[in-house]
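With chain B's structure known, arrange chain Z on it following the hints.
Residue numbers (the numbering used here), protein chains in the order written: chain B, 1 to 115; chain Z, 1 to 114.
Among the clues, some could well be false.
To be verified - One side of the interface only, derived from the structure: several residues of chain B facing chain Z at Cβ under 10 Å:
hint, residue
1, Thr31
2, Gly42
3, Glu50
4, Gln59
5, Lys62
6, Ser87
7, Pro101
Simulated from the structure, these hints should not be mistaken for laboratory data.
Built from N, CA and C at the ideal position, the CB exists for glycine as well.
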Amino acid sequence: EAGVVQSPRYKIIEKKQPVAFWCNPISGHNTLYWYLQNLGQGPELLIRYENEEAVDDSQLPKDRFSAERLKGVDSTLKIQPAELGDSAVYLCASSRGDRVPDTQYFGPGTRLTVL
Amino acid sequence: AQTVTQSQPEMSVQEAETVTLSCTYDTSESDYYLFWYKQPPSRQMILVIRQEAYKQQNATENRFSVNFQKAAKSFSLKISDSQLGDAAMYFCAYVTQGAQKLVFGQGTRLTINP
Chain B
1 EAGVVQSPRY KIIEKKQPVA FWCNPISGHN TLYWYLQNLG QGPELLIRYE NEEAVDDSQL
61 PKDRFSAERL KGVDSTLKIQ PAELGDSAVY LCASSRGDRV PDTQYFGPGT RLTVL
Chain Z
1 AQTVTQSQPE MSVQEAETVT LSCTYDTSES DYYLFWYKQP PSRQMILVIR QEAYKQQNAT
61 ENRFSVNFQK AAKSFSLKIS DSQLGDAAMY FCAYVTQGAQ KLVFGQGTRL TINP
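Isolated chain B, as found in the complex (with noise of 0.2 Å):
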């Protein structure tokens, strides 16, 4: 069975560009979660999609964060513009939606560069 799949694994971009990451969950999981994870630091939630609805985006910040599921399947994180904060590692995780709690299986993630 495939695992979570996650691109670009590394990107570096200037302040105030554009930047989208892309996640394709585990066949037949219907939950979906974008983390960020500071350097030293434990992820943090950023949105929760069950099937194509973000049931819990409380932590990301609308004004330059965005993200989609279209389809309920693969999913879109998208950053405009980027800040120098922005540079971290974002992982996508999955899991199958039918049992509390969860178990989440991780991407590998993409570290984004923020110059």
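Quick look at chain Z alone, frame taken from chain B:
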């Protein structure tokens, strides 16, 4: 506030020996679940072990076991017969029954000395 504290930023152990990683948490919920995740240098987070708060028996997965002290809100991870492949960041986390949001600690970097 709901928090998870890992007081050991770094730990090291000799190969084949035993090491214990500490974790305390703070939640007002009575029904929750606790986890230890491992994050090797490739950065893919992997579930090591989980514990349901309503269960008194400590969870065990092969060389990994936990010491769950509910009253003290403590959840330590013991790794027996440490192997080089155990080297990684270890994160303690919990999720409450009503939410699906994992709350993570800051992690402990474990080094295995050959």
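Hints and how they fare:
{"no.": "1", "hint": "Thr31", "result": "holds, 7 Å"}
{"no.": "2", "hint": "Gly42", "result": "holds, 3 Å"}
{"no.": "3", "hint": "Glu50", "result": "holds, 9 Å"}
{"no.": "4", "hint": "Gln59", "result": "holds, 9 Å"}
{"no.": "5", "hint": "Lys62", "result": "violated, 17 Å"}
{"no.": "6", "hint": "Ser87", "result": "violated, 15 Å"}
{"no.": "7", "hint": "Pro101", "result": "holds, 5 Å"}
Hint violations for this structure: numbers 5, 6, all remaining hints satisfied.
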